[in-house]
Amino acid sequence: MVKNVYMDNAATTPVKKEVLDEMLPYFTEKYGNPSSIYRLGREGKAAIDDSRNKVANAIGANPKEIYFTSGGSEADNWAIKGVAFANKKKGNHIITSKVEHHGILHTCEYLERNGFDVTYLDVDENGIVDLKELEEAITDKTILISIMFANNEIGTIQPVKEIGEIAKKNGVFFHTDGVQAVGKIEIDVDDLNIDMLSMSAHKIYGPKGIGALYIRKGVKIHPHIHGGAQEKNRRAGTENVPSIVGFAKAIEMACENIDEHNKKLIKLRDKLIKDIANNISHVKLNGHPEKRLSNNVNFSFEFIEGEALLLSLDMVGVAGSSGSACTSGSLDPSHVLLSIGLPHEIAHGSLRLSLGDFNTEEEVDYVVENLITIVDRLRKMSPLYENVKEDK
Amino acid sequence: MYSEKVMDHFSNPRNVGEIENADGVGQVGNPKCGDIMKMYLKIEDDVIVDIKFKTFGCGSAIATSSMATELIKGKTIEEALKLTNKAVAEALGGLPPVKMHCSVLAEQAVKAALLDYSKKNGIEIEQLKDFDPDEDVHEH
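Heads up: the protein sequence lines correspond to chains A and B, in order.
Counting in my numbering, the first sequence runs from 37 upward without gaps.
Counting in my numbering, the second sequence runs from 12 upward without gaps.
Okay, chain B solo, but in the shape it has when bound:
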């Protein structure tokens, strides 16, 4: 059901953990639905120099978190904002249709962390103007 890439990122997730005094922290999802993602960012000169995550969720939730962190580590904020759920899913060699919401959650988690960074630093990020980290990605 899962691609080899998904299984690889599930069994050896990259960038798991927390960052002390992170510059931005974002959490999305809720335990009722069975998945929560939390992302920690360290940002220097608009570049994401470090990123860590913690995830409560199924195999694909863990794998998409891991892949998302890998895709934006070392990237500028500008570049990170362009990360789409599709890109995360594609980088993992695809996800089963019922698991696509996991990749949406990963994209949201990155954005939520960037939003937190912008708020803490009094910066306005144009692309996050309408972003709501509490929005439910599940199709109930």
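Excised from the complex, chain A in its bound form:
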């Protein structure tokens, strides 16, 4: 029997019922423009204030430091461009890493075309940046360090606190893309010396199209959208009240029982990793073995290609993702997998399975069972595999 097994929770998650219930009244009943002075408007304004408190609470920030955006990519864009343009008199140098999300990398490339210098730090075979290299990369022109909290493809968690200390010591602003980390890692922006943090709702059972940028008081940054006075004149446009309310509920739920969530996810994750490694030969776990997100599993299966793997999994009702070139529309496999030193042909054969609150042990068994058959079938078809058998 074909099941529906969703294991692509790093791509997006379903909206939880509790989240949707909080949102619904703001579409049809409490629809007022929060900038209006009558009761309907004030209700919307109050909902935003309450939501801002919840989001701030989840990361140990002051509500005045939370700015709602359309999601993680907008937050990334704003943080990088906003700081770059506001501080260009001080310097034009930005430091980031080679494994960032495209929301960061493509923004940095844009700035490079506009007079800024960007250093892209290498990572080791597990995907972690070298702190010494980071420190050495800082010059008197450096204005910003942006290193992601946890990687979306391989789940590796960066030494954020140490990076924050280095930034602080050198008087450089520190931004981190926390889209995958929020709700899975306890975050206190003061303790971790984070100046800016990008967040997204739809990775934590909230709606799509909403997120936030935490901007520490004192960070010199340009406004992002010019217009009305919303978000303290920094991000204009009538607020997306239902989504803001949904985001707040989602982050509250994700962060209130973070340890319990993680315990369940880690149990499933480790079972999935163990069962794949024990039952399928010529596989490699990508990402750090311990310093990894509680929900991330990323394997390379030698001699087969990722898209063929995904299509086969889809036929048995399993949703996953791949760093293969064929799924990205380009010819090169994932920049993250290449950065951790995987040869092209092995990067092409990668599979990411990201777990969520709704996955079960039974589903893990189902996925592994099918993976064994699928990998075997594709390898029997692969001319690369016959060479291996001959070698033995």
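To be clear, the hints were calculated from the coordinates, so they are not data collected in a lab.
Just so it is clear, CB atoms sit at the ideal spot from N, CA and C, and this is done for glycine as well.
One thing to keep in mind: the hints can contain errors.
Unchecked claim - Ranges between beta-carbon positions, derived for each pair:
1. A:Asp350 to B:Asn132: 43 to 51 Å
2. A:Met351 to B:Ile136: 37 to 45 Å
3. A:His142 to B:Val109: 18 to 26 Å
4. B:Asn23 to A:Gly245: 36 to 44 Å
5. A:Glu172 to B:Asn23: 52 to 60 Å
6. A:Pro259 to B:Val109: 37 to 45 Å
7. A:Asn40 to B:Val109: 51 to 59 Å
8. B:Gly28 to A:His142: 39 to 47 Å
9. B:Lys131 to A:Thr409: 35 to 43 Å
10. B:Asp57 to A:Tyr146: 58 to 66 Å
11. A:Lys39 to B:Lys131: 46 to 54 Å
Model the placement of chain B on the given structure of chain A, informed by the hints.
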């Protein structure tokens, strides 16, 4: 994204495998780009009596290999040489633009196997005079 025909040939590929003592074997593509096709031919009296393939690659790479083998099985060498990548793609009900190179690879694999056959048998095939099996079909 893929047609039903592509999915059919991907999930139930025809003529997968190897031919022992094949009369012609051709391999094209490279693992760096994520696709390799290998074709085996059994030829009797200028007729391709059997053909098998092995492919490392994405869904459309597997489907185009399968379709190419189906299109030329039982055909004469002369007819097989006329196989174009477009014909393979059309027989599959079309391919997404980014996947057209898979059909080129399938055409090349057939030609590479025929070239190998011609070399082994000391025959010159006029149509393969300028054919280079190592040519890169990817637009880098």
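Query raised in the report: Looking back at the numbered hints, which does the structure fail to meet, lowest number first?
Result: 7
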